[in-house]
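Kindly generate the complete structure, drawing on both the sequences and the hints.
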Amino acid sequence: MPSANAQGRTYGTGLAGQSRRHLSDRAIQNLFIWPTLLLLIAMNLFPLLYSLYLSFTNFLAVQNKPPGWVGFANFGSILNTPDMWRYFATTGRYALMSVGAQTVIGFSLAMLVRRKFFGSGLITTLILVPMMVSPVVVGMFWKMIYNPNFGFFNFILGAGDPAKGVDMLASKFFGVSTPGLALFAVVIVDVWQWSPFVMLLVLSGLNAIPEYLYEAAAIDRASPWFQFRRITLPQVAPLLLIAVLFRTIEAFKSFDLVMGMTGGGPGEQTELIAVNLYRQAFLGSFKTGYSSALAYIILIIIIAASNMYIKYLNQIKGEA
Amino acid sequence: MATIELKKVEKRFGEAYAVKPLDLTIRDGEFVALLGPSGCGKTTTLRMISGLEAVTGGKILLNGTDVTWKHPSERDLAFVFQFYALYSHLSVRQNIAFPLQAQGMKSAAIQKRLQEVVDILRIGHLLRARPGKLAGGDQQRVALARALVRRPAAFLMDEPLGALDAELRESMRAEIKNLHIAQHATTVYVTHDQVEAMAMGDRIVVMSSAEVQQVGTPVEVYYNPANLFVARFIGSPGMNLVSGRLSGGAVQLPGKNRYAVPAAWNKALAEGLGGQEEVVLGFRPEAARVARDGALAGEVYASDMHGAYTVLHVNINENEIVHIRGDRQESYAIGTSVRFDLDPQMVRFFNPRTEEAVRQEAAR
Amino acid sequence: MSRFEERGPRFPVAHPTRVDKVHPRARAARRVVAFVALLVTIIMLLPVLIMGITAFKTRGDVMVSPPKVLFKPSIEGFVYLFTERAVANAARLEVLEKEALEGKISLFDRIALASGQEITGPSSYVFRLLNSVIIAGISTVCSVVLGLFAAYAFSRFKVPGKDDLMFFILSTRMLPAVVVTIPLFLMYRQLGLHDRHLGMIILYTVFNLSFSVWLLKGFIDEIPKEYEEAALVDGYTRLQAFFRIVLPQAVTGIAATTVFCLIFAWNEYAFSLMLTSQRARTAPVSIATMMGRGGIEWTAIAAGSLGFLIPVVIVTFALRKYLLRGITFGAIRG
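Protein chains in written order, with this note's numbering: chain F, 1 to 320; chain Y, 1001 to 1364; chain S, 2001 to 2334.
Derived by calculation from the structure, the hints in this document are not laboratory data. The structure presented is a predicted model; accordingly, all values stated were derived computationally and were not measured. Here a beta-carbon is modelled for each residue, glycine too, at the ideal position from N, C-alpha and C. Take the hints with a grain of salt, since some may be wrong.
Have a look at the derived ranges for each label pair, beta carbon to beta carbon [claimed, not checked]:
| id | chain 1 | residue 1 | chain 2 | residue 2 | range |
| --- | --- | --- | --- | --- | --- |
| 1 | S | Pro2012 | F | Glu211 | 52 to 58 Å |
| 2 | F | Tyr50 | S | Val2069 | 37 to 43 Å |
| 3 | S | Ser2124 | F | Glu268 | 28 to 34 Å |
| 4 | F | Trp85 | S | Phe2108 | 49 to 55 Å |
| 5 | S | Pro2009 | Y | Ser1088 | 42 to 48 Å |
| 6 | S | Asp2195 | F | Leu96 | 35 to 41 Å |
| 7 | Y | Gly1014 | S | Arg2030 | 19 to 25 Å |
In structure tokens:
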């Protein structure tokens, strides 16, 4: 109720709560979320369900025959094909080597640029450039660099004669056929591209360490190794783990890089599982049903890994 | 233990001074508080003594030895941080033992020292715990233990109670002071809380804007502030400072108030003010008492009940407020006119131009 | 070193630092670190530099062993990339060469002429590049806008099943492209969206949405609710509070998210490869399949790669602060 106070000023005239019609919180909530949700359902959930259905059929996209139900035959076929296991193993080896190297190199890079020096800001930004390039494009020009005839890689390794040099992508080490070399070559490129990502994450962790911990260590004359083990490492470990999980998941999905560089060869040395999936589904006989089953197997693996990732993330957020 | 001497110690950043050239001698076993508002240079000074901050000029001597450029761990000084700085991946026992291990002490000796310190600080029951799981007060005790265990020449403490809540702060204050007395430990203690400094310090170094304003015992600093800053900063509320003009043996204050200068001050004022007429009159709330026929008058603006006494905010002239002590048995409505007197022993004068106190001959 | 301990450093240390860090040994160590960092940076950028210079070589200069570092620059690669050429017969060649001597044809024509060809028009790459710009641009705008709304709702309202929904949204980002494209291929074929810009825009929007919702939610979470609550108490509607208060404060977050979505959409290859053929194909797929008369046209590929990379680098540099915030934010806050 409006009333005048001792000085004659009136309070409580009720200017608040204009009774214009406006959207309720509920309405806004729905308006804001549903478009996104619908899109995601239509473009993610639905295709996944459709894919699940297809995995139980023998559908071939090129033919016009309707899909025929075959139950678990596709899954059985996949699990019984030694080739498939080989592709999984290749992908696993690739992930292990690549993520391992990325972690070590990325961590070292972060330790290198953590303290400010002249140009450290610029250098940090420059190191990010490899991450910013399209992986297929990266694959293409590394292909050129690896070329035994005119590529820089061979040249730097000091081999003058191309025939006697290193042909990474053909798995020939100084003329000797070395299987696995091509995969190693792809790993090198992946590490080159993604170490900066690990570096960034580790760097943000390093920057969060309060300086007074190091000061106390200075006063106590703690050795650099002690400082690293007891102060630096514990603070950075969670972030490092996140980076490892994230990059491992990405390594399993790896497709663009290989397509740009080797297309799966030589032979099938770099045939990663995602590449093989593409081949089955979109090249040759378009084995849609079969490849859907394969896709689901890959999916399950990745979901399991992602679950771990997200659980760990939440755990960290809880501790933070 | 130790004597710490600072000779013309300064810290400059380009043209700006974080600490202007400073001379200070801290005697063996003394508890010296570095007091001042944020940014006054007190923490920088402490850090320079410890070696965590490099000086841009001057010398730091420990028991006569020049330690200005010695490694922080070689100055035989222990530092207690505001945020404890405990190693979170070591147990409390390992944290405390660590400085001794770093010096290569044998484990039997370490164990003995550890036990001593643990008994003094009563943290025996926490030895196996990780610092991160302890309460603030306990963490600070562990930090103190880690400092104590080294038996250093002196302790340097950087607002160690700043991260604790009010109640804990008071009890920890007493603990630290007791520790100091029991160990005869030379201590340099940084704080922005003047109540803390007054309670704990043998001497207080009041700093502001990179400069030392006054060095003195709590009594000196409270009753004879060296300048306007110290007068305002020390005491809660600070000293009342009213500008006026000196004429005919009295200070003409704003409004209609005229305060007759006590005879003892006349000569000092004549010399101290160098002939100028502007003067600042200073008096603490407890120096002013409400009196029916008092010399000065004003209007009550607000009144704070402090339990044993009341502090009146009195408007003596157009929103110039002074704080005086009121009679606790009377209630003062806002707007009431009051008259009050000043205790001539507790009145102080300041030169408004130099901001320094005018000293009576006796009170040098 | 006791000399240092006696006399101190040669020049006063006018910045905040510890005494042991001023020690000459510590100083020397820092210089070594800076040098090594510089070296590492150069090594990291070497492949990009190599690709860069290849873009400006002539075909002959590329297929040379040992590889040439010094060469005469030419824009041959760009010409091959951007133009469609036809082999000119002898008679036509004569006419062209005469015109060249008279200075009547352009630089580009002259380059084509050098290998016996004449320019007949823009190559398909130009269209592909345009497709990239359109599709990446529009889809980024859509995903950021939609993501912003959804993120706000998730941040401020008690949405039923919020955690599960957020997990669902994030998990869509975890899927390998191929898994989703198999059914999408069939769906698009039926809906007539196969090889259409609209189809790709929708797909990219959705794929980026999962990322943008998560990222933006994190940023909006950081904006104190009190600001909006104060506005609501003052009589603003929720919508007004959103536009006037939350939006301006979320600008850095929006910038970071936009950069990310843009880079992803721009660089995307797998979806484009599998769901387009002629009309809506984007540049990355094009670059990867650039075959010329004599096999792989390295100069054209390098030119294409360089040209494709440069916008990304420019955007990265211009918005690097946001980018850094976004990466660490996105990975840590999930």
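Each hint tested on the structure:
no.: 1; hint: Pro2012(S) <-> Glu211(F): 52 to 58 Å; in the structure: 22 Å, violated
no.: 2; hint: Tyr50(F) <-> Val2069(S): 37 to 43 Å; in the structure: 53 Å, violated
no.: 3; hint: Ser2124(S) <-> Glu268(F): 28 to 34 Å; in the structure: 31 Å, holds
no.: 4; hint: Trp85(F) <-> Phe2108(S): 49 to 55 Å; in the structure: 53 Å, holds
no.: 5; hint: Pro2009(S) <-> Ser1088(Y): 42 to 48 Å; in the structure: 34 Å, violated
no.: 6; hint: Asp2195(S) <-> Leu96(F): 35 to 41 Å; in the structure: 38 Å, holds
no.: 7; hint: Gly1014(Y) <-> Arg2030(S): 19 to 25 Å; in the structure: 21 Å, holds
Hints 1, 2 and 5, counting from the list given before, are not met by this structure.
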